[in-house]
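Based on the hints, put chain B in the right spot on chain A.
Number of protein chains: 2
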Amino acid sequence: MPGKKVSEKTIRRLSHYARCLREARIDGTPFVTSKHLSERCGISSAAVRKDLAVFGEFGKQGSGYEVSGLLENIERILGTCDPPPVIVIGAGIIGSALLESGLNGTGGYRYLASFDSDPKTIGKTIAGVRVQSLAELRDVVSEQGDVIAILAVPPGEGQNAVDNLVSVGCISILSFTLEPLDIPDGVVLRYVEVSTELDLLTYSLKCRDRS
Amino acid sequence: MPGKKVSEKTIRRLSHYARCLREARIDGTPFVTSKHLSERCGISSAAVRKDLAVFGEFGKQGSGYEVSGLLENIERILGTCDPPPVIVIGAGIIGSALLESGLNGTGGYRYLASFDSDPKTIGKTIAGVRVQSLAELRDVVSEQGDVIAILAVPPGEGQNAVDNLVSVGCISILSFTLEPLDIPDGVVLRYVEVSTELDLLTYSLKCRDRS
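As they're listed, the protein sequences go chains A and B.
Residues 1152 to 1362, numbered by this note's numbering, are exactly what the first sequence covers, in order.
Residues 1152 to 1362, numbered by this note's numbering, are exactly what the second sequence covers, in order.
Fair warning: there could be bad hints in the mix.
[Claimed, not checked] Beyond 10 Å from chain B on every Cβ pair, some chain A residues (computed): (1) R1170; (2) R1200; (3) E1223; (4) D1290; (5) N1315; (6) P1335.
[Said to hold, decoys possible] Listed next, the in silico DSS-like pairs over lysine-lysine satisfying Cα-Cα at most 27 Å (straight line): (7) A/K1357 to B/K1271; (8) B/K1201 to A/K1160; (9) B/K1160 to A/K1357.
Honestly, the hints are just simulated from the structure, not real lab data.
Bear in mind the structure is a predicted one, so any value in this text is a computation, not a measurement.
Beta carbons are placed, not taken as given, at the ideal position from N, Cα and C, and that holds for glycine.
So here's chain A without its partners, still in its complex pose (with noise of 0.2 Å):
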């Protein structure tokens, strides 16, 4: 798995390995079993193991894997050892939520910062973060370089909002607007879909209601 780019799927199951050994190192656990994994991330065993089986010296019959170990291999792959700090474009109800809820529990990351384009937000502070003016992004951008947006605009102005954060040479972004938004090539985006998980959901229950 080092060294080649590694599926969005398996990315996924690593992320939710991380979470669980963050959990087990807290508690003081040294090892862990491909069955309490299972169990803790809804993914099968077999699956685990075939996950696991590249990092091969952290595993051992009868005791499982290795926490520490493990999680460092896991994150050297994920690149969240030192994670990117999270910037929040857009101080309103969602990302007011955002900040304040924090982001412990995601192994280091961390907000930075907030921008906002209304000037009686401008200017607080949320739960530590100080909401900045739209004019303060390229400063933040270019003296931090990688960062992760975090888009909770007002539906309408996605757009704006992603155009000024590509400018500005932010290229990783997580949308919780709804509005389907245009990137150019070499950046990423994301969506937080609440409607999309509803409309899901739906589905399921109508596939229940008919079987």
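Frame of chain A, contents of chain B only:
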């Protein structure tokens, strides 16, 4: 497509088309082309045409798809013509923000009620939705029939909340909590996982650095 079980990937695309068609309906646009749907949904034109081929009568050479007829058919497949009401478990930071930001643009979903265990929060009204005691959960769910529950409880309280929901007959859950949750067969649980999304973005930054 109608009649047989559709894959999650297809449901996700149909959900995107539906959102786009609702926008067109609001704009008063009677027809949309596959190119328009492709651009708005970030899905290739070929895939759009393939997905929508089953609704043949709504696609016309040159003019595109008839918005209201196509939307009606997609919503019939999704089961979203009459979507189930949504309840929110946990009226803390994230739960309140979800209630306040509402479900406009989701095609008919609405918040029915919210529930909390904190006596200081119970009785409050957030964006028109009353926060009720968890003791009232059973009555609300049994009166409504199908509901979707959004889980927005503090860390460590997720499993308890899920057990509670399952015991009153709720089988569709969307979790905003990080912790892995056990559910019995027949219950569908989906996660909105901000930390996994951050890991996926971090990995893509890392791959960019290497290439």
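Comparing the hints with the structure gives:
no.	hint	in the structure
1	R1170	violated, 7 Å
2	R1200	holds, 18 Å
3	E1223	holds, 15 Å
4	D1290	holds, 20 Å
5	N1315	holds, 18 Å
6	P1335	holds, 13 Å
7	A/K1357 to B/K1271	violated, 37 Å
8	B/K1201 to A/K1160	holds, 25 Å
9	B/K1160 to A/K1357	holds, 17 Å
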